[in-house]
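Student: What follows is each chain in one-letter form.
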Amino acid sequence: MKKYTSVDDIENLDQILQLAKKIKENPFDYKELGKNKTLGLLFFNPSLRTRLSTQKAAQNLGMECIVMNLNNEGWTLEFEDGAIMNGSASEHIKEAAKVISQYCDLIGIRSFPSLKDKDKDEAEFIISSFVKHSTVPVISLEGSTEHPLQALADALTIEEYKTTKRPKVVLSWAPHPKALPQSVPNSFIKMMKKMDVDFVITHPEGYELNPEITKGVSIEYNQDEAFKNADFIYGKNWSNYNHYGEITNNDPAWTIGSRQMNLTNNAKFMHCLPVRRNVVVTDEILDSDSSIVIPQANNRTYSAQTIITSLLNNLE
Amino acid sequence: MKKYTSVDDIENLDQILQLAKKIKENPFDYKELGKNKTLGLLFFNPSLRTRLSTQKAAQNLGMECIVMNLNNEGWTLEFEDGAIMNGSASEHIKEAAKVISQYCDLIGIRSFPSLKDKDKDEAEFIISSFVKHSTVPVISLEGSTEHPLQALADALTIEEYKTTKRPKVVLSWAPHPKALPQSVPNSFIKMMKKMDVDFVITHPEGYELNPEITKGVSIEYNQDEAFKNADFIYGKNWSNYNHYGEITNNDPAWTIGSRQMNLTNNAKFMHCLPVRRNVVVTDEILDSDSSIVIPQANNRTYSAQTIITSLLNNLE
Amino acid sequence: MKKYTSVDDIENLDQILQLAKKIKENPFDYKELGKNKTLGLLFFNPSLRTRLSTQKAAQNLGMECIVMNLNNEGWTLEFEDGAIMNGSASEHIKEAAKVISQYCDLIGIRSFPSLKDKDKDEAEFIISSFVKHSTVPVISLEGSTEHPLQALADALTIEEYKTTKRPKVVLSWAPHPKALPQSVPNSFIKMMKKMDVDFVITHPEGYELNPEITKGVSIEYNQDEAFKNADFIYGKNWSNYNHYGEITNNDPAWTIGSRQMNLTNNAKFMHCLPVRRNVVVTDEILDSDSSIVIPQANNRTYSAQTIITSLLNNLE
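Residue numbers (the numbering used here), protein chains in the order written: chain H, 201 to 516; chain S, 201 to 516; chain L, 201 to 516.
Hints are computed from structural coordinates only; laboratory data are not their basis. Do not take every clue at face value.
Chain copies aren't distinguished; within one or between two, either way the pair holds.
Claimed, not checked - No farther apart than 25 Å at their CA atoms in a straight line, the calculated lysine to aspartate or glutamate pairs in the DMTMM-like style are these:
| no. | residue 1 | residue 2 |
| --- | --- | --- |
| 1 | K298 | D483 |
| 2 | K235 | D487 |
| 3 | K235 | E225 |
| 4 | K231 | D424 |
| 5 | K393 | E232 |
| 6 | K221 | E412 |
| 7 | K224 | D305 |
| 8 | K298 | E412 |
| 9 | K365 | E408 |
| 10 | K332 | E412 |
Using the sequences and the accompanying hints, generate a full structural model.
Tutor: Here it is, written out as structure tokens:
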């Protein structure tokens, strides 16, 4: 692995999941690997879970972490080639990426989509620029179109909680008051396509995600129908992909509750968090034994530690 | 000790003070205790001394620290049970506390009072919610009604500087341009009640603190009278408790200076810092040998290290 | 070395450069030196390179770093002696510096000039106050009039890239849309005066720097003339020193490009970064082999590590 900015960067998922399980069993057994190595974490957007779990993962490996909130603590970057920089941007990505590459052995970047300019978002403008100009591996801490560390934690969680060889996994859209990125569902879909699962996506008509990503996956507009016999329900809102970044539906009937969960095969409820209680999913479900959102979040540490380990191993 | 969010959490003060002295003598002798352990520090409000001294304490113990400025770096939390989260709060304390508990072995939280809603402040709304939902011990880095790490540093300082077995300690109100919390005086009073001291509080009439906390303590409205024969003067402003959070007095006669200090038994001057020079106390006193505010602040490191040590010992 | 807030603090440059080269060869060989030591980094202004490289340097030495963004995370400091502190400043530098000195073994401070009050800027108001009141060594992370860590990185870079015993080094002013400090050119000039180089400054008439600093240095108003036979071109904008802090010239003819570089002796192009592409210097130069701005930035780590090493050695 040379970088981890997309689920597509995983060549052999089985191998990665084996490594993740080994790391989770003995998280402090690899402290020599990160010795004298530095992980730079650059945040263009807020972060709680990713920030904490990635720092924890680095610390487990004996690495030093340097955290920087760009925009707030640093300065505005220029990304356009050939720009005459007489505006507000004080540094070009070309210099920034190369310089940071000299201080850090790995660079993690969080950069949310605009949800306005689809082309720019789909080009993963900021993360791609870092990949292009950095001389060290880049990790996405959630980009405009993917959240691959989350997806690896999700895969590990399904591995741990599945009770049948080929579980039925349902990704269900749910309402949300704010326009949210498609990153988490995109990466989750890519991940499910790599796993031996019966995978269904359910969402209101018009909420189709990028067809290149959902290609080959069953889409079911009737949420109740989709939930039948499910072993895992992954709840998540996303904003409209076709009317890009808009909220065109807020139907509370899609809020996940007992009505739908009762249709499942005693399914486990998953969500990447943070979750809007009683909007995306009811208290009743979140506070029940069906919910595995807390151990799922715990796997973020091991997901990050696995990716850092793979990237560091590859450096040598 | 299972948590440290109030001076009330100290079961045996003598034992804690003995541990603090031992730690202060050889602060780096316990580096194994914190190995592979992480302290999460969550700040809902600004901090200088607490932030630096607690990090230093953790580092002395070989622990890793993860610092997070909530509100700025993270997101708004919801604390109400059963809330329909379609407003600005993006995560419920239930998830936040449980998730952070998985990344951190101890959680420190700073959260100032509103000074508007007395009931909510007295319920220690935020810290109590973390205590309730976290699965690891919680340390108050100053809450709405207490600053227990400060009070332990204060106790250690009095222990070190006292020249008689039972010194006279006076907590004196002083003016301040801003409405300040009652946390520091509350914790100091609770601490003095646990120590073998002759303790007096002096403040203008109407500035009485929570009577449940001051119960059994002498209150003297005449500042000069209170200062007579004192061995320690602890200067501190607080806003009005009865007219909750208001400033109803700004009398410069209460500014602590030579006039009052000359009435004492060559008393040492203490303050938790930051201190408004020439408003709370004069330059003359702060710059004199009577002032022990600097070594008092130094004890913040050992206070924090003692509490972290006690909590970590209890984990095992 | 007791502090490093100015290039003037270097007593023996040769010795420092030897140490820097030794450190750069084996950056992790001195991990015992920083053990149980803490570096406090206080930022009154944004920082990318300095923040990252100084943390990296400290980590290379086995030191702990505590980073604090003042103004944002902390509170406003009062610097005036005798102030009656009933305004917005909540803490006096006297307490702040002494308290932080107890938590940290070294203190680094970044504080940019006002570019309005020349006297205050030239007094290095904030850094001097910390030097005065701290009880541990202070390092400038760029002050109002100097950037001495940058200058040491510059000296090391020239040492590494020079191909003749006494190279010709040209500091050239260049245009910039914002009013910038004179710190970098000031420290660079002071450093060049300590080195065995043929040093020339070129800038438009009226852009003379502080004559006490440039005393004895050739100043050439014709940029083309200055560049002839140069081995190193150091590009940098600064705002007007005489019309203090103003931009009185924005002539694009001063933008450094092939026209001027072709006049040199195949000179290397240096800049402290961040650099405004196509305003200070053209893409063509920055993207060519002549540019050594990236390895120059890399030397920031070893510059910082050398200074920290010298200060720590001196503590013992």
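Student: Give a verdict on every hint.
Tutor: Status of each hint after checking the structure:
| no. | hint | result |
| --- | --- | --- |
| 1 | K298 to D483 | between (47 Å within a copy, 15 Å between copies) |
| 2 | K235 to D487 | neither (41 Å within a copy, 33 Å between copies) |
| 3 | K235 to E225 | both (20 Å within a copy, 17 Å between copies) |
| 4 | K231 to D424 | neither (48 Å within a copy, 56 Å between copies) |
| 5 | K393 to E232 | neither (35 Å within a copy, 45 Å between copies) |
| 6 | K221 to E412 | neither (31 Å within a copy, 53 Å between copies) |
| 7 | K224 to D305 | both (23 Å within a copy, 16 Å between copies) |
| 8 | K298 to E412 | neither (33 Å within a copy, 36 Å between copies) |
| 9 | K365 to E408 | neither (29 Å within a copy, 68 Å between copies) |
| 10 | K332 to E412 | within (24 Å within a copy, 45 Å between copies) |
Hint check: violations occur at hints 2, 4, 5, 6, 8 and 9; the rest are consistent with the structure.
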